Structure formats: structure tokens, C-alpha cells
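Enquirer: For the sequence shown, my numbering puts the final residue at 455, and the numbers step up evenly by one.
Because the hints were derived from the structure by calculation, they are not lab data. Incorrect hints may have been included.
[Claimed, not checked] When the alpha-carbon atoms are kept at most 20 Å apart in a straight line, the in silico EDC-like pairs for lysine to aspartate or glutamate are as follows:
#1 K336 / E286
#2 K335 / E290
#3 K336 / E290
#4 K283 / D346
#5 K333 / E290
#6 K343 / E332
#7 K387 / E365
#8 K57 / D68
#9 K343 / D370
#10 K283 / E332
#11 K343 / E260
#12 K283 / E359
#13 K305 / E325
#14 K343 / D210
#15 K333 / E359
#16 K387 / E240
#17 K305 / E170
#18 K336 / E256
#19 K336 / E351
#20 K335 / E256
#21 K355 / E256
#22 K305 / D253
#23 K355 / D247
#24 K203 / D182
#25 K194 / E359
#26 K194 / D210
#27 K333 / D247
#28 K355 / E307
#29 K194 / E170
#30 K203 / E193
#31 K343 / E295
#32 K333 / E256
#33 K336 / E365
#34 K283 / E256
#35 K305 / E256
#36 K194 / D182
#37 K404 / E307
#38 K305 / E260
It should be emphasised that the depicted structure is a prediction, and the values quoted were computed from it without experimental measurement.
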Amino acid sequence: MNVINRRTILQGLATLAATIPVRAAAKSPRVPTGSIDAARLQQSLEELSKFGRRAGGSFADGVSRVAYSEADVAGRAYAMELMRNAGLNPLIDAAGNLTGIRPGIDPLLKPIVIGSHIDTVPGGGNFDGNLGSMAAIEVVQTLNDQHIRTRHPIEVAIWSNEEGYTMGSAAAIGDVRTPFADPTSEKGIAAREALKRIGGDPDRLESARRAPGSICCYLELHIEQGGILDQAEIPIGVVDGIVGIDQYEVTIEGVANHAGTTPMRGRQDALIAAAKMVEAVNEIARAEPGRHVATVGKLEVTPNAPNVIPGLVRHTVEIRDLSPEKVKKLGIAIAKRADQIAVETATKIVMERYFHLEPALADPALQAGIESASVSLGLKSMHLPSGAGHDAQELAKIGPMAMIFVPSVNGVSHSPNELTRWSDCANGANVLLRTLLEIDRGPVRDFS
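Kindly produce the complete structure, drawing on both the sequences and the hints.
Expert: Written out as C-alpha cells, the structure is:
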């Protein structure tokens with residue numbers, strides 16, 4: 008849907024809403040005013056977990072709901088059912104993103120967008136993305152239950168294929184990622200068919216784009232996926248931003264030779280050079296103060312035989328930090344050390360950057376709203392960066408964004424053992440609700 012049509016629809020819905028009272032579902036007497044229904048949120052998460060769970064498995068077994076899979080299709084159908092129950096009319100855009108709008112009183116105000124994703128990695132957990140998506144629907148249901156009208160439209164968004172490099176939210180800001188960008192390749196054809204499976208339209212991806220300044224703001228509740236909050240026993244994280252990422256491919260050329268007949272002194276062992284590189288990445292990152300990280304996560308050895316000295320090694324280097332200057336500085340330091348290792352090992356080392364992502368900083372006013380909401384609920388909070396990528400990183404390109412983190416037990420994520428306590432889920436959803444209301448009731452700002 009293009010921006011003009013979206014605004015026209017919003018204005019029409021708002022006009023209608025001004026004359027028709029919001030119909031509320033049965034209100035639970037156990038839910039205090041201004042708080043979400045924690046039991047209902049838990050139930051929606053437990054029900055969602057059934058889609059992609061192994062046969063006969065339980066909630067504790069985690070879930071594999073990979074984007075575009077049958078499990079993803081079924082999970083999305085369940086999410087749309089919940090959206091309808093909350094009075095939302097779910098729409099699917101060309102990128103497969105699910106959206107639903109609760110009208111606001113003022114037709115001229117831009118929507119406050121809340122949401123996340125429900126696709127998972129293979130063998131993933133029940134909370135990554137799922138919590139933010141189910142909590143967004145729960146917030147709208149709570150507004151209905153408690154007859155709370157908002158000036159701004161409230162838009163719930165469930166972004167498609169977040170785990171595949173934020174495909175859906177990237178399309179929403181006009182970035183059509185490969186393989187969709189190459190419809191003639193084998194991967195492109197498969198990707199286009201997969202997108203159709205969830206109701207998307209690969210021939211109209213441009214129609215999913217939203218213009219900069221077309222939203223009031225974007226708020227996303229998410230599990231931390233790290234152990235900082237859990238270790239500190241602090242229930243709410245105020246995210247300062249989402250880190251930038253540089254990824255490099257390192258190619259090391261040595262000389263493959265017989266492992267039994269080549270003397271140790273005469274070897275040009277590419278794997279020895281790679282081992283020194285792995286150690287150097289770790290040492291350089293540890294020597295620099297800060298919260299940055301650097302990782303060698305992939306390594307390929309050729310010819311990879313027990314009786315042959317490796318002649319070729321390729322490995323990755325990934326660097327993450329909120330400061331682009333820090334990311335660049337570490338990359339330069341690692342490249343300089345690579346030159347030294349090449350001389351020491353008589354090999355050739357080439358380090359090339361193949362992926363770059365700028366950091367996305369949270370809006371200070373939205374952060375202050377999260378802090379205020381936490382205080383109103385008697386919850387401690389702390390500031391921290393997000394070391395993982397999120398849909399919020401894309402939405403920050405068209406409007407101000409902020410993220411609310413809740414603890415991940417033992418810092419585990421992307422695993423069946425991923426766990427966030429139900430009380431922390433409820434805390435995060437309540438902070439999301441109160442932050443939204445504070446933004447809505449506060450002075451109108453031109454966030455764009």
C-alpha cells in the first residue's frame with residue numbers, strides 16, 4: 008500500500024472512530040487499569056509456539072518456524088486471528104508484512120507503530136520476536152478492554168522474514184534485498200515463490216515502501232538475547248541503539264604439500280596463518296575498551312585432508328559496535344596485523360569487507376518515555392546497546408525508534424533453551440503500553 012493510500016485510509020478510519028464507540032471485549036476484573044492481561048499474553052505465546060514445534064513436543068522444546076515455511080504460514084494465520092479479535096483488520100503488503108490499524112481520534116496525526124516478527128531460526132526459541140508481536144496485539148486489546156482512546160492511530164506490524172536479514176522491514180523502507188533483486192536467478196525464483204506463499208507479491212515490492220516521516224515513531228519490545236539484564240537482575244533495558252556491523256572475508260593463500268614429506272621449516276601453512284588471525288581478532292578486540300565485539304565464525308580449509316598441508320583458507324571476521332568509528336578502527340587494526348602474519352608465515356592474506364550496516368540510534372525522547380513508564384510501574388531500568396540486529400534498525404531510517412529489552416535467562420537465545428520469565432514478559436508489555444500512552448498523550452512533536 009503506498010503512503011497516500013495509507014494516509015487516506017487512516018483519515019477515514021479516524022473519522023469513523025470519532026462517531027462510533029470502541030467496542031470492548033469482556034474485561035477481566037483482575038486486570039488493573041493501565042495494565043495488560045498477563046495471562047492472555049502468556050496464552051498467546053504458548054499457542055503461537057505450537058506452529059513449528061516438533062510432533063509430540065512441548066513449549067520447552069522451542070520451535071522451528073522459518074520464514075515462508077508451512078509453520079510460518081500457520082503462525083501468521085494465528086496472528087491474524089488475534090489481530091481480528093483485537094478489532095484490527097490485518098493486511099498483507101507486497102513484502103509479506105502483516106499490519107493492522109486501530110484508528111486514532113485525530114486524523115492528522117501519524118501512527119505510532121508497534122510490533123516485531125514471528126519467524127524463527129531453525130531450532131529456535133519461543134520469545135525472540137514473538138514476544139514483541141504478541142505484546143503489540145495485547146496492547147491494542149488492553150486499550151479496547153479499558154475503553155482507552157488514543158489521539159494517534161496505533162499500528163501493529165509483524166514484519167516478515169526478520170531472521171533472513173530483516174527482509175520485510177527492509178522492503179518497508181525501500182530496500183529490496185537480494186535474492187528478490189535478481190528475479191532471474193535460481194535463488195531469486197525460489198524466493199519469489201516463497202514470498203507468494205505468505206501472501207506477498209514480488210512484482211510489487213515497491214508498493215510496500217513507506218516514505219521517511221510517514222510514522223510518528225516505532226516502538227519494539229524484544230528479549231535482550233544476552234545476559235546483561237539477567238545478571239544485573241534489572242527487569243527493563245532501555246536500548247541506546249542497534250550496533251553497526253562490518254563483515255570481512257579473509258583469504259589466506261599458502262602452499263599445499265605432502266604432510267609427511269615437507270619439513271616443518273619449509274612449510275607455508277595457510278591454516279597456521281588462519282589460527283594466528285583468529286587469535287589476533289580476539290586479542291585486538293579485548294585490548295580495546297568498550298562493549299564492541301569481534302568474531303571469527305566461519306572457516307573453510309582447502310583441501311581439508313588429513314595428510315595435506317592446507318594451501319588455502321577462507322574465514323570471516325565480524326565486528327559490531329554502536330560507534331561506526333570504533334568498528335572502522337578495529338577493522339584497520341586487524342588488517343594491519345594480517346599483513347604482519349602474512350610475513351611471519353610466508354603466506355598471502357587478503358582481507359575484504361563484503362557487508363556494512365550502519366548503527367541505528369534510539370530517539371532520546373522515546374528513551375525518556377520508556378524510563379518514565381518503568382518508574383511508574385516501580386521497575387528498575389538500565390541503558391544498554393543491542394548487539395543483535397532488529398526490524399527497529401530498518402524503521403529508524405523513516406522515523407524515530409526505541410526498543411524495550413527484557414531479560415533472557417542466562418543470556419540464551421536462538422536456541423530451544425531460550426527463556427524469558429512470564430513476569431518479565433508482562434513487565435515489558437506494560438512498559439510498552441505506558442510508553443505508547445505517554446507519547447500519545449504528550450505534546451505533539453514533529454518527529455520527522
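Enquirer: Can you confirm whether the C-alpha distance between K305 and E260 stays at or below 20 Å?
Expert: 17 Å, holds
Enquirer: Starting from K305, check that the Cα of E256 is at most 20 Å away, please.
Expert: 9 Å, holds
Enquirer: Is it true that the CA of K335 sits at most 20 Å from the CA of E256?
Expert: At roughly 15 Å apart (the allowed maximum being 20 Å), E256 and K335 satisfy the hint.
Enquirer: Is the Cα-Cα distance between K57 and D68 20 Å or less?
Expert: 10 Å, holds
Enquirer: Check the hint pairing K283 with E332 against an upper bound of 20 Å on the C-alpha distance.
Expert: Answer violated: K283 to E332 is near 25 Å, above 20 Å.
Enquirer: Is the hinted pair K336 and E286 satisfied, with a Cα-Cα distance of at most 20 Å?
Expert: Holds: K336 and E286 sit about 18 Å apart, inside 20 Å.
Enquirer: Regarding the pair K343 and E295, is the alpha-carbon distance no greater than 20 Å?
Expert: Holds, at about 15 Å.
Enquirer: If you draw a straight line from the CA of K203 to the CA of D182, is it 20 Å or shorter?
Expert: 18 Å, holds
Enquirer: Check the hint pairing K333 with E359 against an upper bound of 20 Å on the C-alpha distance.
Expert: Given pair K333, E359 holds - Cα atoms ~18 Å apart, limit 20 Å.
Enquirer: Would the hint linking K305 and E170 be met if the CA-CA limit is 20 Å?
Expert: Given pair K305, E170 holds - Cα atoms ~18 Å apart, limit 20 Å.
Enquirer: So if I understand the rule, the pair passes when the alpha-carbon distance is 20 Å or less; does K335 with E290 pass?
Expert: The given pair, whose Cα atoms are some 16 Å apart, holds under the 20 Å limit.
Enquirer: Could you grab the alpha-carbon distance between K343 and E332 and see if it respects the 20 Å cut-off?
Expert: 17 Å, holds
Hint check: violations occur at hints 7, 9, 10, 14, 19, 23, 25 and 37; the rest are consistent with the structure.
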